[in-house]
Amino acid sequence: MHRADKTPRNLCLALVVLLAAGIIMPNWLTFLATVSIAKGMVVVGLIVLMRTGLVSFGQGLYYCLGGYTVGIAGNYLGITDVVGILFLSVVVAGIVGAILGLLLCRYREIFFAMLTMAFSMILYGVLVKSDNLGSTDGFNVAHVSLFGWVPSSDGVSIVIYSLACMIAFLTAFFIHRYFQSGMGFAGDSIRENEIRVEYLGISPRRVIFYKYVLAAVVAAVGGSITALVAGHVDPEMAYWTTSGEFVFVALLGGTGHVAAAFIGAFLFELIRTVAFDLSPYTWQMILGITLLMVILFLPKGLWSLITAQRTGRG
Amino acid sequence: MDTILVILIDGIVYSSWLFIVSAGLTLVYGVMKILNMAHGSLYAIGAYSAASMVGLYFSAGYVPWGSYAVFLGAAVVAGALAGLLIERGVLRLMYGRDEVIMILVTYGVLLILEDVIKLIWGVDAYFAYQPYSLVGRTKLLGITFANYDFLLIAAAVSIGLLLWAGLNRTRQGKLLRSVIHDREISVAMGINVKRTFLVTFIIGSSLGALAGGLTAPALSVVPGIGVEVIILAFAVVVIGGLGSVGGAAVGALMVGICRALAVHTFPQVELFVIYGVMAMVLMVRPEGLFVTTTARRI
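Protein chains in written order, with the working numbering: chain A, 1 to 314; chain B, 315 to 612.
Misleading hints may appear alongside valid ones.
What the hints assert, rightly or not - Pairs of lysine to aspartate or glutamate residues, derived as EDC-like cross-links and limited to a Cα-Cα distance of at most 16 Å, are as follows: (1) B/347 to A/109; (2) B/453 to B/316; (3) B/347 to B/413; (4) B/453 to B/463; (5) B/347 to B/412; (6) A/300 to B/412; (7) A/129 to A/236; (8) B/508 to B/498; (9) A/129 to B/584.
Stated by the list, open to error - In silico negatives: residues of chain A with every beta carbon more than 10 Å from chain B: (10) 5; (11) 27; (12) 157; (13) 278.
Claimed, not checked - Have a look at the derived ranges for each label pair, beta carbon to beta carbon: (14) A/25 to B/441: 45 to 53 Å; (15) B/461 to A/289: 38 to 46 Å; (16) A/192 to B/464: 50 to 58 Å.
Hints are computed from structural coordinates only; laboratory data are not their basis.
All values reported here derive from a predicted model rather than from experimental measurement.
Cβ atoms here follow ideal geometry from the backbone N, Cα and C, with glycine treated the same way.
When you get a sec, could you build the whole thing from the sequences and use the hints?
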């Protein structure tokens with residue numbers, strides 16, 4: 001039986017709730033929520049790839065690229081407008097993603113994972129050795145403005161939070177529609193059986209290329225938001241542990257729905273913050289055990305709990 | 315001329331170290347198809363065990379030369395124990411899953427082990443320089459080299475030869491190779507693949523820990539050394555072709571020499587070079603240098 005798609009309605013509701021919550025949330029929670037949204041953006045890109053059967057261990061490359069674009073645009077090019085900056089990082093990531101995508105669309109499975117990881121480590125290696133950009137310490141990002149209006153330093157976090165909510169809403173809406181388009185289904189089919197997809201006259205490489213560029217662009221936006229809210233960028237953003245974290249979150253949330261990325265990211269940040277507060281020496285262990293438990297008992301991520309309930313299974 | 319010599323020797327020393335680190339990793343992948351991220355933690359466990367053993371040994375004041383057997387033994391035993399625990403406790407529950415998922419499983423193990431190491435050994439640095447200074451230094455063409463580095467080369471060569479002989483000249487090695495080639499047929503022929511997995515993982519873990527133990531005297535053992543090492547080992551085994559021990563040797567040589575070249579001529583590109591070589595090789599040979607491409611299954 002065909003059921004009306006409730007996702008757009010739910011996404012609108014979520015946006016209203018999130019924007020309203022921004023007014024009453026304490027500062028630390030606003031920060032946590034903004035970072036979660038930023039990381040959720042990267043994970044959305046990862047989900048697009050994972051639905052095609054590809055796991056990138058190098059999304060940190062675009063995350064870092066987005067962050068550094070913000071930093072360089074503000075400090076060296078004098079661009080402080082948030083929308084301008086975000087546009088710039090989309091363009092940069094789009095170009096880099098298109099160049100690397102041409103190469104990467106030939107790779108599958110573990111080789112895709114390894115080559116994406118190599119590219120992100122190359123960027124890390126370059127940034128660590130570039131003294132002008134602060135080497136391993138990175139540098140602080142200049143104060144930003146919005147259409148000529150410069151918010152006070154207290155107000156800037158709420159402005160970025162609201163902006164991040166709206167960007168996340170638009171992305172989630174667009175990607176949700178994309179998953180139901182021909183291109184979206186082509187990804188699922190490639191994961192199931194690539195050769196049959198070729199028989200149908202679709203070029204898997206082309207499909208993967210577009211998905212890779214899409215993932216690159218949303219990851220860069222996520223990196224830009226992180227840079228804006230944290231006010232600081234460093235090469236750690238491109239290190240392999242950062243990329244590993246994104247894959248962790250994607251697995252935690254599951255690839256079943258675009259919203260799972262944001263829910264997963266928020267839960268991840270929450271677990272990490274709480275675990276770090278409770279026991280500074282064992283927070284990684286708690287994360288590791290969580291990861292193993294999810295893989296063992298919820299192979300399709302937390303989102304499978306929601307779908308199981310809805311369809312009456314499990 | 316001198317620079318070339320220095321580059322060559324530095325490169326070979328670094329390559330030996332890389333090979334020791336990655337030999338266990340590639341062996342485990344070859345047999346079990348698991349790219350073990352926790353290998354870095356095993357390396358760290360070996361380094362910490364060796365370092366604390368060196369400390370105990372020298373403060374007790376036994377014959378200095380005996381320390382080598384003790385600290386390397388400690389590293390191997392610690393690695394084997396950790397390997398046993400990981401295989402029995404975690405990996406056994408996950409067999410049969412996707413290769414990429416297995417990477418994440420071992421990533422979880424890595425996160426857990428990182429904190430276990432901190433709980434056991436604390437966050438302070440350990441120094442175990444005695445075995446390093448004990449063997450002294452050699453002057454070669456006016457340049458001083460630490461003899462310990464030459465020991466590292468010897469260790470790498472012996473580990474490589476032992477692995478080769480073990481795989482190619484023994485009955486157990488032959489069984490192992492049949493598992494590498496085709497797991498299903500091996501099971502059908504009556505090979506106990508589960509036990510093979512356990513033994514391979516223990517050997518791989520001990521090799522990782524031995525690498526850590528051998529390195530401990532040459533640097534300060536601090537939290538986080540495992541995380542840095544694993545990514546280098548990945549580069550090496552991916553270049554050589556996953557699962558190929560000979561490939562790991564060639565990969566280690568390529569990365570080692572290139573890095574030494576970069577360090578001595580243009581130090582800014584040191585890190586860039588390692589991953590640059592990896593990316594270049596993968597661009598030309600997507601599955602690494604020493605792996606024959608398999609046909610696609612429909």
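Here's how the hints hold up against the structure:
Of the pairs offered as hints, the one joining residue 347 of chain B and residue 109 of chain A holds, with about 12 Å between alpha carbons and a cut-off of 16 Å not exceeded. Taking the CA atoms of residue 453 of chain B and residue 316 of chain B, the gap is about 13 Å. The hint holds against a cut of 16 Å. For the hint linking residue 347 of chain B to residue 413 of chain B, the alpha-carbon distance of about 7 Å falls within 16 Å, and the restraint holds. Proximity of residue 453 of chain B to residue 463 of chain B is assessed by CA-CA distance (about 13 Å); at most 16 Å being required, the pair is judged to hold.
Note on residue 347 of chain B and residue 412 of chain B: the hinted pairing holds, with a Cα-Cα distance of about 9 Å set against a maximum of 16 Å. Distance check on the hinted pair: residue 300 of chain A and residue 412 of chain B sit about 13 Å apart at the alpha-carbon level, within 16 Å; holds. Taking the CA atoms of residue 129 of chain A and residue 236 of chain A, the gap is near 13 Å; set against the 16 Å cutoff, the hint holds. Only pairs whose Cα atoms come within 16 Å are accepted, and residue 508 of chain B paired with residue 498 of chain B is accepted, the gap being roughly 12 Å.
About 8 Å separates the Cα atoms of residue 129 of chain A and residue 584 of chain B, which keeps this hinted pair within 16 Å; it holds. No beta-carbon of chain B is positioned within 10 Å of the beta-carbon of residue 5 of chain A; the least distance is around 30 Å. No beta-carbon of chain B is positioned within 10 Å of the beta-carbon of residue 27 of chain A; the least distance is around 29 Å. Listed as outside the interface, residue 157 of chain A is consistent with that label: its C-beta sits roughly 30 Å from the nearest C-beta of chain B, beyond the 10 Å cut-off.
With a cut of 10 Å on Cβ distances, residue 278 of chain A stays outside the contact zone with chain B, its closest approach being about 13 Å. Take residue 25 of chain A and residue 441 of chain B: their Cβ atoms lie about 48 Å apart, and the range 45 to 53 Å holds. Checked against the hint of 38 to 46 Å, the C-beta distance between residue 461 of chain B and residue 289 of chain A comes to roughly 44 Å, which is consistent with it. Between residue 192 of chain A and residue 464 of chain B the Cβ separation comes to about 54 Å, which falls inside the hinted range of 50 to 58 Å.
The structure meets every hint from the earlier list without exception.
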